[in-house]
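Protein chains: 2
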Amino acid sequence: MGKRKTKQRDAIRAAFMAAERPLTSAEAHVLVQAEIPSLGIATIYRAIKDLLEEGWLVSMSIAGTTRYELADLGHHHHFHCNQCDKTFDIEGCVEDLASLVPKAFKILKHELTFIGMCQSCNGEMTS
Amino acid sequence: MGKRKTKQRDAIRAAFMAAERPLTSAEAHVLVQAEIPSLGIATIYRAIKDLLEEGWLVSMSIAGTTRYELADLGHHHHFHCNQCDKTFDIEGCVEDLASLVPKAFKILKHELTFIGMCQSCNGEMTS
DNA sequence: ATCGGTGCAAAGGGTTTGCAGGGTA
DNA sequence: TACCCTGCAAACCCTTTGCACCGAT
Chain A
0 MGKRKTKQRD AIRAAFMAAE RPLTSAEAHV LVQAEIPSLG IATIYRAIKD LLEEGWLVSM
60 SIAGTTRYEL ADLGHHHHFH CNQCDKTFDI EGCVEDLASL VPKAFKILKH ELTFIGMCQS
120 CNGEMTS
Chain B
0 MGKRKTKQRD AIRAAFMAAE RPLTSAEAHV LVQAEIPSLG IATIYRAIKD LLEEGWLVSM
60 SIAGTTRYEL ADLGHHHHFH CNQCDKTFDI EGCVEDLASL VPKAFKILKH ELTFIGMCQS
120 CNGEMTS
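Chains A and B, in that order, give the protein sequences.
For the first sequence, counting from 1, position 60 maps to 59 in numbering that gives the first Met the number 0; every step adds exactly one.
For the second sequence, counting from 1, position 50 maps to 49 in numbering that gives the first Met the number 0; every step adds exactly one.
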């Protein structure tokens, strides 16, 4: 009844560990197919669902798409590039964010996302 | 060749003005149908598309769904309730957010969203 | 009388589910 | 061997598009 170890799920976990940034289901699929070309998108979705439930991944909604990354990265935030549509991790946070919210609202977490152009795309524009 | 004034688009604009919070396309549809029951969802989507292009609405991606609100509300942020799935506006912001981002990244804007339980739902839980 | 907007239904794109076969334990 | 996982295809849901009709100008 426990989870079984399969090469598909190993490859999916490996893709998220290697990515070092949040991945969409489609991005994960492409990365994993480099290892296992026959792997179907349904397997990606089912694995992500299980990994979310067991707390190994967390999800976020950025730029109209759900993205997933390792749950144990610690508190951080994100930068989304409109040019290449990739999302990157940003270290650090700021104080007193919670003070913005009325006390009657119960805060579970917050998400801070910067939108703009990433280092790579910005460099290409100005070169 | 300009935009025409129709009762459907008037009702759609009125719904966003009255809502005082971001609405999903489905929420807007329900609200507008109270006024014009025959109004179809495609009309909502087409009107939103035009209103975004003319800068009257802005869109955001929260909790897996695209939401829209008036563009002229000034800088503010959002609170999303996991219980009722509604998103609310939060006044204010904090300083020095941009300092978190590496200088090579070009910031266009930022989005800050608190996730938790809103006043109404929180009250129902504890009563 | 134009021609943009609307309503309906079909088409698209992304995500989920049913099912038979394959692989782990 | 038992049964979870996979791959494929169908089903779903949300959004977009085609088309004929309606209605604002």
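A few of these clues could be false.
To be verified - Quick list of in silico lysine to any residue cross-link-like pairs, SDA-like style, CA-CA up to 20 angstroms:
| hint | chain 1 | residue 1 | chain 2 | residue 2 |
| --- | --- | --- | --- | --- |
| 1 | A | 105 | B | 87 |
| 2 | A | 108 | B | 87 |
| 3 | A | 108 | B | 83 |
Simulated from the structure, these hints should not be mistaken for lab results.
Results for each hint:
Distance hint between residue 105 (chain A) and residue 87 (chain B) is fulfilled; the C-alpha atoms sit about 13 angstroms from each other, no more than 20 angstroms. For the proposed pair residue 108 (chain A) and residue 87 (chain B), the alpha carbon gap of about 15 angstroms is at most 20 angstroms, so the pair holds. At roughly 16 angstroms between alpha-carbon atoms, residue 108 (chain A) and residue 83 (chain B) fall within 20 angstroms of each other, so this suggested pair holds.
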